[in-house]
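Student: Input sequences plus hints: build the corresponding full structure.
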Amino acid sequence: GENVEQHPSTLSVQEGDSAVIKCTYSDSASNYFPWYKQELGKGPQLIIDIRSNVGEKKDQRIAVTLNKTAKHFSLHITETQPEDSAVYFCAAPSYTGTASKLTFGTGTRLQVTL
Amino acid sequence: DSGVTQTPKHLITATGQRVTLRCSPRSGDLSVYWYQQSLDQGLQFLIQYYNGEERAKGNILERFSAQQFPDLHSELNLSSLELGDSALYFCASSGGGQGYTFGSGTRLTVV
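If you read the sequences in order, they're chains A and B. So the mapping is simple: this note's numbering equals the position in the first sequence, first residue as 1, plus 1180. So the mapping is simple: this note's numbering equals the position in the second sequence, first residue as 1, plus 224.
Derived from the structure by calculation, the hints contain no laboratory data. Keep in mind that a hint or two might mislead.
[What the hints assert, rightly or not] Derived list of chain A stretches under chain B, where covered just means 3 residues or more per stretch with a C-beta under 8 angstroms from a C-beta of chain B: (1) 1222-1231; (2) 1235-1246; (3) 1285-1294.
[Claimed, not checked] Over the 10 angstroms line for every Cβ pair with chain B, so calculated as not near, a few chain A residues: (4) 1202; (5) 1204; (6) 1252; (7) 1254.
Remember, it's a predicted structure, so these values are computed and weren't measured experimentally. Note that CB positions come from ideal geometry on N, CA and C, so glycine has one too.
Tutor: In structure tokens:
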């Protein structure tokens, strides 16, 4: 099955700085890599995703990069703001026959300080 | 509102009891996934249903079971509850693409 590792587990940055979270995956068949943001007391919310046919995707202050050869992908948040404080999860799919499921990383708690 | 509805939001019950968690997927989504999130832990996959049929199973305990009904809502049944079952239980749905939409979860506390 898929194994997803995520680093760091906690990250503290000052407002305005950039934050980078990295993930590695094991299943070379994986072709879709979403990132989720979970705020306190809420369910995870998809913030950006990337498919294996592209190397980078950007949406305003967030971007994701993918290196299929090395089997790793990263989330980049620029110009961080206090509302970016949350737990971020990366994920990768694993396949069993016709079924697929997302395996999540262990999460990164991002704290943006003033 | 994500479109995925989970009830109840909070549940407090005693050890040994049985509870049922309910999930209504986003309109049109055929797949439902259940995940468990313990305190400061990641999301552990429990089980997936697609259009009423079980599709994939994770590390789901034998005391736990689930089903998806013809109207596509799903229920997760937890029995013989133990203190260690206290966690957030999330339901997610997807509609053929690979992205999941999560509900806001059910917080289960076993005392």
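Student: Hints first: check each against the structure and report whether it holds.
Tutor: Hints and how they fare:
no.: 1; hint: 1222-1231; in the structure: holds (count 6)
no.: 2; hint: 1235-1246; in the structure: violated (count 0)
no.: 3; hint: 1285-1294; in the structure: holds (count 3)
no.: 4; hint: 1202; in the structure: holds, 16 angstroms
no.: 5; hint: 1204; in the structure: holds, 15 angstroms
no.: 6; hint: 1252; in the structure: holds, 18 angstroms
no.: 7; hint: 1254; in the structure: holds, 18 angstroms
Going through the hint list in order, the structure does not satisfy hint 2, though it satisfies all others.
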